[in-house]
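Participant: With the hints as a guide, dock the two chains, each given alone in a separate frame, to form the complex.
If you read the sequences in order, they're chains E and Z.
When you number the first sequence by the working numbering, it's gap-free, plus one each residue, and the end is 60.
When you number the second sequence by the working numbering, it's gap-free, plus one each residue, and the end is 139.
These are calculated hints, taken from the structure and not from any lab test.
Given the structure is predicted, the values throughout are model-derived calculations rather than measurements.
Calculated pairs, SDA-like style, for lysine to any residue (alpha carbon to alpha carbon, straight line, at most 20 Å):
| id | chain 1 | residue 1 | chain 2 | residue 2 |
| --- | --- | --- | --- | --- |
| 1 | Z | Lys-137 | E | His-51 |
| 2 | Z | Lys-20 | E | His-51 |
| 3 | Z | Lys-9 | E | Glu-53 |
| 4 | Z | Lys-39 | E | Glu-53 |
| 5 | Z | Lys-137 | E | Asn-50 |
| 6 | Z | Lys-35 | E | Gln-48 |
| 7 | Z | Lys-20 | Z | Thr-33 |
| 8 | Z | Lys-115 | E | Gly-58 |
| 9 | Z | Lys-114 | E | Glu-57 |
| 10 | Z | Lys-138 | E | Gln-48 |
| 11 | Z | Lys-20 | E | Arg-55 |
| 12 | Z | Lys-20 | E | Asn-50 |
| 13 | Z | Lys-69 | E | Gln-48 |
| 14 | Z | Lys-9 | E | Gly-58 |
| 15 | Z | Lys-39 | E | Gln-48 |
| 16 | Z | Lys-35 | E | His-51 |
| 17 | Z | Lys-115 | E | Glu-53 |
| 18 | Z | Lys-115 | E | Glu-57 |
| 19 | Z | Lys-114 | E | Gly-58 |
The following residues of chain E were derived to be distant from chain Z, with all beta-carbon distances above 10 Å:
| id | residue |
| --- | --- |
| 20 | Asn-25 |
| 21 | Ile-26 |
| 22 | Lys-27 |
| 23 | Ile-28 |
| 24 | Phe-29 |
| 25 | Ala-30 |
| 26 | Arg-31 |
| 27 | Leu-32 |
The calculated label-pair distances, taken between Cβ atoms and stated as ranges, are:
| id | chain 1 | residue 1 | chain 2 | residue 2 | range |
| --- | --- | --- | --- | --- | --- |
| 28 | E | Lys-27 | Z | Glu-58 | 53 to 63 Å |
| 29 | Z | Arg-14 | E | Leu-32 | 41 to 51 Å |
| 30 | Z | Gly-53 | E | Leu-32 | 54 to 64 Å |
| 31 | E | Asn-25 | Z | Gly-13 | 51 to 61 Å |
| 32 | Z | Asp-51 | E | His-51 | 17 to 27 Å |
| 33 | Z | Gln-10 | E | Lys-27 | 48 to 58 Å |
Each residue gets a CB set at the ideal place from its N, CA and C atoms; glycine is no exception.
In case you want the letters, here they are:
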Amino acid sequence: MNIKIFARLVLFGSMIVVGPVAQAQINHIEMRVEGMT
Amino acid sequence: MKQHLGRQSGVQKVDVNLLDGRVDITPKEDGKIDPAQLLKATYDSGVTVAEMDVTARGTIVKDSSGRLALQVEPNRSWAFAANELSKGLESLAGTPTVVTVQGQVYKKPAGKKKADPSAPPTLLILEVQKKE
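Pulled out of the complex, with its shape left as it was, chain Z reads as follows (with noise of 0.2 Å):
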């Protein structure tokens, strides 16, 4: 698995713990990594994802269906799952301010049901690490 993610494109390093089944990604300086690609590629070498997070910076837009989501390329946004926290950063919508947020981009459905890895992810905030 480890040599199938540093095979994907944007990724510089990755770091894989076998005892608590923990992957750490770093991504190339550009940061132009795909999480969506990194879940298929981690599916298609036969280990399932319970939780992917991210840290990411980015400016606070509101997508073409009105939900607050966090731009971190000019063609790419991911929306916010509404909580406390992306309620508190509803005000800079459309604002300069740059943030970096720490949050989960997916999470392993309970139960049986069966996970689409191409979906489009939202972005649950956890943390709002700095606004600059």
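Looking at chain E on its own, in the form it has when it is part of the complex (with noise of 0.2 Å):
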């Protein structure tokens, strides 16, 4: 039993810490170019 607690501890915690750095993206990206023809 206590070890099934201490799984999910590890679990939920290893999702707070991974969590925000695996949703870092760029969204967009916009260019101003000159000499386009």
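Facilitator: Right, here's the structure in full:
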């Protein structure tokens, strides 16, 4: 029983730590260019 | 140029407006796109980049030289060019708060100076859109 609780704590803890980094990303890029024909 | 940019990794869609010289790039959902590579690809297609802005989300970290940076991938972060908006994010350094910012990663130098498109970009924050 204690092992199950410990395993759940480790799982939720890793989600909290890894989550934000996994969500990090570039959403959009906009450029202004010169000399385009 | 549109086809050339569209072939770069991480690019889903490229929209080019010939009238005002604006190029909109939509990254693929995995977000694995390299702005430096796009700059180089644009130069390689014979066009000069005057400015590049990005909208990105990530956590605030301090890089190896102690500067504030936006971590956009586990192994990539952009150091902030210091301004009022970047100072406002200082308290979030090292916290799990995810912020979405719009900022400038490249601007063509004034005069005849030649830019180095392979130089690591710094992010000049123009707007903090969201804190989660």
